[in-house]
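A.B. asks: Generate coordinates for the entire structure from the input sequences, incorporating the hints supplied.
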Amino acid sequence: MKIKQTAGRQHHAGPLTYVLLGLAALVSLFPLYWNLVAASHTGERVVEAPAPLLPGPHLLDNLTFAWNQVDMGEALVNTTVVAGLVAASTVLFSTLAGFAFAKLPFRGRNVLLALVVATMTIPPQLSVIPLYRIITDLGWVDQLQSVVLPSLVAAFGVFFMRQYLLEALPVELVEAARVDGAHSLRVIWHVVFPVARPAMAVLGMLVFVQAWNDFFWPFIALTPDGNPTLQVALAGLGSGNHTINQAIVLTGALISTVPLLLVFALLGKHIVGGITSGAVKS
Amino acid sequence: MATSVRAANDGTSPPDPPAPPSPPPAAARRTGGWRSRLYRWDLKATPYAFVAPFFLCFAAFGLFPLIYTGWLSLHRVELGGEAQWRGFDNYTGLWDSDFFWNALANTFTIGVISTVPQLLMALGLAHLLNYRLRGRGFLRVAVLAPYATSIAAATLVFAQLFNSDYGLINTVLGLVGFDPVDWESSKWPAQIAISVIVIWRWTGYNALIYLAAMQAVPQELYEAASLDGASRWRQFVSVTIPSIRPTILFTVVVSTIGATQLFGEPMLYGGSLGVSGGSGNQFQTLSLLMYEKGWVTGALGQASAIAWVMLLILLLIGGVRLLVARLNRETT
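Chains as they are written, first to last, in full-length UniProt numbering: chain R, 1 to 282; chain H, 1 to 332.
Just so you know, the hints here were simulated from the structure itself, not pulled from any lab data. Any given hint could be a false lead.
To be verified - A partial selection of chain R residues facing chain H, derived with a Cβ cut-off under 8 Å:
| hint | residue |
| --- | --- |
| 1 | Leu20 |
| 2 | Ser28 |
| 3 | Leu29 |
| 4 | Pro31 |
| 5 | Ala38 |
| 6 | Ala49 |
| 7 | Phe106 |
| 8 | Ser127 |
| 9 | Ile129 |
| 10 | His183 |
| 11 | Ser184 |
| 12 | Val209 |
| 13 | Gln246 |
| 14 | Leu260 |
| 15 | Leu261 |
The beta carbon of each residue, even a glycine, is placed where N, CA and C say it ideally should be.
C.D. replies: Set out below in structure tokens:
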């Protein structure tokens, strides 16, 4: 005989659930913790068995070295500039396009929207060879615009904003503004932006993370010794271009990770919400 | 919402928005005809202006390079050199190349080893996170932390953990009585290690997507199932899984697309041998082979052909996805 049970999501978690979830959290966080540990030892210690498990005294030395000798500072500034520009422009253009797709009737709307979604499956590998030829001709290798320009707007962002505005923005609001004689820019500024602000913030964070961590095209367009982003600088460290010890390599990894982890620690809840709301509807 | 009270319309309602129930003609104040013409033009042109940035950007940085890559794939081109027409030579060359088949096989096996456990574990994790929990905000952010870690940083850390001589993973295996594993130059251990990096970065992300879908499952379904005496496991299998099937399909497609393009993890995991995917190409993926052809060998035509093969594979996956979605709709 079964006793009537309440529905799945209302069950209180048993001890086994906590053990398993604790394990999942441990596996998720341990590599990040160990990154910190490795960055606080000397290069000789890191490659000695058994590997260190507790932080050592050399974090500051390693940070100073990575900052001055490998120029992680420059890479950090470059990455912030690139991710900031890409996020700002993607949010702006995605909101405009998402609004048009959600609330403005126009000829060809459905076909164009399907096209937007279809472009999401085209991998960057299909464009890097011509783009590399172009930036070589323009002398843009190692120039930040060569990684910013191709990322000014993203299909994912357009779709994300369209899904949000479809439900969040009552069409009457737009029409009321229209009847008052507001032109489109006014509608955008006074009606669409205020309603879209929460989704714009989430999209901005998601795109910022993505641009911060982007690897393939920056790795081709920028060089580790020239004007790299963090990921490109890390690739240079990791592929042994420099005769640099593993502690410094992992200090570089730490510098590239900590800013985003701080953002996650502060805004994690909103990002969690953003990821779930964006994906489920599609 | 603060909108202006300025009336510029000539009284005929705005033509485009889907007929608002009797637009108030009150706002009519005769201001010059040019204004109303401007207004109507604004309504017509604005949607196109708003979607234009995306399509311009896509045309310049997506479509044009895609076609150009197709053109290059039919030529013999060296970095900075002139193109010579070659027809389908680059493609038949791939067909005859062991490196290509090796890379295709590696992309496939790493794709399977990284995607299948990742999505299964994500399902389980989402199920656990769906219980009423203490500290669930922390747990959610904790499992998402790997997603915030870049490919480069994660790979460099895991390369140390997997090091055959001093890595922590072999140390732990030794404690449990296993012989040290050669995680770099043996084929399957290396592919598993690379897959572990992918799994680590994406499991939490997928779990949160599943979690959101699970929370949207109507409560009544569970109530009905438990009235029928279904155990929790039974409820998970016959209520939860079918209800979130579209979401599962979505994550399968996204992960498959990601696996097809895999580049950074094997590249950096291999250190100085990364581009060739290890000393014996044991983990060279299609993307790595393309990069090697294009930027190490300088054979842009061949690299372009590999890129187009990848596109064809993704189109095939897209086709299968549509087919599965249609079958799904018919059975439900």
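A.B. asks: Please go over all the hints and tell whether each is borne out by the structure.
C.D. replies: Hint check results:
At its closest, the beta carbon of Leu20 of chain R sits 6 Å from a beta carbon of chain H; the interface hint therefore holds under the 8 Å criterion. For Ser28 of chain R, the interface hint holds, since its Cβ comes within 8 Å of a Cβ in chain H; the closest pair sits about 5 Å apart. Interface hint at Leu29 of chain R: satisfied, since its Cβ lies 6 Å from the closest Cβ of chain H, which is below the 8 Å cut-off. For the restraint placing Pro31 of chain R at the interface with chain H, the shortest Cβ-Cβ distance is roughly 5 Å, inside the 8 Å limit, so the hint holds.
At about 6 Å, the closest approach between the beta carbon of Ala38 of chain R and any beta carbon in chain H falls short of 8 Å, and the interface hint on this residue holds. A cut of 8 Å between beta carbons decides the hint on Ala49 of chain R: the least distance to chain H is about 4 Å, and the hint holds. A least Cβ separation of about 4 Å between Phe106 of chain R and chain H falls short of the 8 Å threshold, and the interface hint therefore holds. Taken as an interface hint, Ser127 of chain R checks out: its beta carbon lies about 4 Å from the nearest beta carbon of chain H, inside 8 Å.
Satisfaction of the interface hint for Ile129 of chain R is found here, the shortest Cβ-Cβ separation to chain H being roughly 6 Å, below the 8 Å cut-off. A distance limit of 8 Å between C-beta atoms decides the matter here; for His183 of chain R the minimum to chain H is near 5 Å, and the interface restraint holds. Taken as an interface hint, Ser184 of chain R checks out: its beta carbon lies about 4 Å from the nearest beta carbon of chain H, inside 8 Å. Contact between Val209 of chain R and chain H, as hinted, is supported at the beta carbon level, the nearest pair being about 6 Å apart and thus within 8 Å.
Residue-level restraint check for Gln246 of chain R holds (minimum Cβ-Cβ distance to chain H is 6 Å; threshold 8 Å). Against a cut-off of 8 Å between C-beta atoms, the interface hint on Leu260 of chain R holds, since the closest Cβ of chain H lies about 4 Å away. Below 8 Å, beta-carbon pairs count as interface contacts, and Leu261 of chain R has one with chain H at about 6 Å; its hint therefore holds.
Checked against the numbered hints above, the structure breaks none of them.
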